[in-house]
Amino acid sequence: MADLTKAAFYSPLNYLKKSDDLSGSEAVTFSGSSLEVKTVTVSHNLGYIPFHTVAANLDDADIIWSSNTDPYITGAPTGDEPFMEYWCTDTTLTIRLVNSDTSPITGDRTVYWNIYLDYGG
Amino acid sequence: MVTVNRDKAVFYSLDPIDKIVKSGTFTVEHGGAQALTTSSIQNFPDIRTVSDTEANDYGRAGFIRAVYSIDGGTSWQPVDSVSFFGFTESFYIDGGFDSSYPLVGNRMQVAIGCDDTTIYVRAISDYFTGNTRVDLNNPYTVSVYSGWTAAAQTVLIRYWMFERE
Numbered sequence: 071m072a073d074l075t076k077a078a079f080y081s082p083l084n085y086l087k088k089s090d091d092l093s094g095s096e097a098v099t100f101s102g103s104s105l106e107v108k109t110v111t112v113s114h115n116l117g118y119i120p121f122h123t124v125a126a127n128l129d130d131a132d133i134i135w136s137s138n139t140d141p142y143i144t145g146a147p148t149g150d151e152p153f154m155e156y157w158c159t160d161t162t163l164t165i166r167l168v169n170s171d172t173s174p175i176t177g178d179r180t181v182y183w184n185i186y187l188d189y190g191g
Numbered sequence: 041m042v043t044v045n046r047d048k049a050v051f052y053s054l055d056p057i058d059k060i061v062k063s064g065t066f067t068v069e070h071g072g073a074q075a076l077t078t079s080s081i082q083n084f085p086d087i088r089t090v091s092d093t094e095a096n097d098y099g100r101a102g103f104i105r106a107v108y109s110i111d112g113g114t115s116w117q118p119v120d121s122v123s124f125f126g127f128t129e130s131f132y133i134d135g136g137f138d139s140s141y142p143l144v145g146n147r148m149q150v151a152i153g154c155d156d157t158t159i160y161v162r163a164i165s166d167y168f169t170g171n172t173r174v175d176l177n178n179p180y181t182v183s184v185y186s187g188w189t190a191a192a193q194t195v196l197i198r199y200w201m202f203e204r205e
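The listed protein sequences correspond, in order, to chains V and P.
Quick note on my numbering: the first sequence kicks off at 71 and runs consecutively.
Quick note on my numbering: the second sequence kicks off at 41 and runs consecutively.
Simulated from the structure, these hints should not be mistaken for laboratory data.
Facing chain P, a subset of chain V residues (Cβ under 7 Å, in silico):
1) 88
2) 132
3) 135
Far from chain V, by Cβ distances over 10 Å, these chain P residues were calculated:
4) 66
5) 83
6) 92
7) 97
8) 111
9) 112
10) 124
11) 132
12) 137
13) 138
14) 144
15) 175
For each residue, glycine too, the CB sits at the ideal point set by N, CA and C.
Given only the sequences and the hints, what does the whole structure look like? Please build it.
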């Protein structure tokens with residue numbers, strides 16, 4: 071049953087609007103070499119730096135991690151997951167998964183992103 | 041009276057907006073640093089990871105925004121931020137003072153994620169009280185740490201899950 075108190079919508083506020091064209095996911099494959107870096111570049115061409123959200127299944131499972139983690143966080147028992155970093159420019163969102171360890175990583179990791187049409191100004 | 045900026049009032053209904061489909065709070069008890077001993081170090085204050093889960097009754101993995109608190113909910117910080125603490129490490133060789141230097145440790149760092157059935161959190165910390173002393177004695181193969189006491193803390197993690205597309 072809908073809670074109508076949560077349906078209140080105040081139109082002068084700037085809601086974070088998404089675009090189906092600017093949300094997506096992409097799998098990258100670690101080949102097993104040490105200190106490997108995988109990069110996904112998403113073009114948005116909005117002309118400004120938008121709000122964005124990035125997540126990834128860092129540990130080769132179905133878990134989508136929504137925090138900008140480092141290897142400690144997904145540590146034992148697997149211990150060798152990449153960490154995620156990302157940054158945005160006026161035209162692109164760049165996402166990197168970095169294996170900072172000399173222990174090689176293999177298998178697929180999927181990164182997910184949402185780029186919003188707003189920047190909150 | 042709210043000043044209306046008409047540029048910001050534009051709402052194109054075909055643009056999706058985030059819908060919060062689940063929210064909640066985790067309370068994680070973290071015991072602080074844990075002693076690590078290997079062939080080359082003894083009683084090193086190592087990172088400890090404490091995990092917790094709860095059911096994702098929404099039934100589909102989404103994106104999560106979260107904040108955490110290490111002061112009982114008085115202040116909150118973004119889930120991507122790391123809380124540090126400082127201490128001094130003093131180095132001794134054969135019982136004689138050699139040097140000391142300031143260092144930082146991870147007081148708290150939090151990860152959060154989900155799959156179709158479960159919300160996962162991990163609290164990571166090597167928090168301790170005191171300062172570390174490192175003794176390296178003949179034959180100089182093992183660094184022995186002392187002077188630190190693991191410090192337990194409670195971390196509150198509030199989260200909001202929203203659809204990922």
